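Here full-length UniProt numbering is used: the first residue of the sequence shown is 1, the next is one more, and so on.
Simulated from the structure, these hints should not be mistaken for lab results. Please read all numbers here as calculations on a predicted model, not as lab measurements. Please note that the accuracy of each hint is not assured.
[What the hints assert, rightly or not] Here are the in silico distance ranges between beta carbons for each label pair:
id: 1; residue 1: Arg83; residue 2: Arg44; range: 17 to 25 Å
id: 2; residue 1: Arg83; residue 2: Ala46; range: 22 to 30 Å
id: 3; residue 1: Phe38; residue 2: Gly16; range: 18 to 26 Å
id: 4; residue 1: Gly16; residue 2: Ser47; range: 19 to 27 Å
id: 5; residue 1: Pro9; residue 2: Lys78; range: 28 to 36 Å
Think of the CB as a built atom: it goes at the ideal place given N, C-alpha and C, for glycine as much as any other residue.
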Amino acid sequence: MYDTEEEYPLPTLYVGDLHEDVTEAMLYEKFSPVAPIFCLRVCRDASTRRSLGYAYIGYQVQADAQRALDAMNREVIKGKAMRVMWSQEHPWVL
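Model the full assembly from the supplied sequences, consistent with the hints where possible.
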């Protein structure tokens, strides 16, 4: 885990337990009123393009990501409660 903003180039949240029909647009609509989103991606199977049930949301500012985490963890979308936490991965690096 990173201790400072300088060590963590893009504050990113993992959003799990998503209904398979949740789209990037739905997540943007749900999360953007809380804090400005820099980037967002629903992870999908490479061959079927079906959702894998999780997403990553990146923020430019650590405080925005923290505000989104505090506000959105366990919020319901498409009938399922989302699990929101700090990402341990670097999903924006290919």
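Right, here's what the structure says about each hint:
A hinted range of 17 to 25 Å holds for the C-beta pair Arg83 and Arg44, which are about 18 Å apart. At about 23 Å, the CB distance of Arg83 to Ala46 agrees with the hint of 22 to 30 Å. Taking 18 to 26 Å as the suggested C-beta distance range, the pair Phe38 and Gly16 conforms, at roughly 20 Å. For Gly16 and Ser47, the Cβ-Cβ distance of about 22 Å falls inside the hinted range of 19 to 27 Å, so the restraint holds.
Hint check: Pro9 to Lys78, Cβ distance near 31 Å, so the stated range 28 to 36 Å holds.
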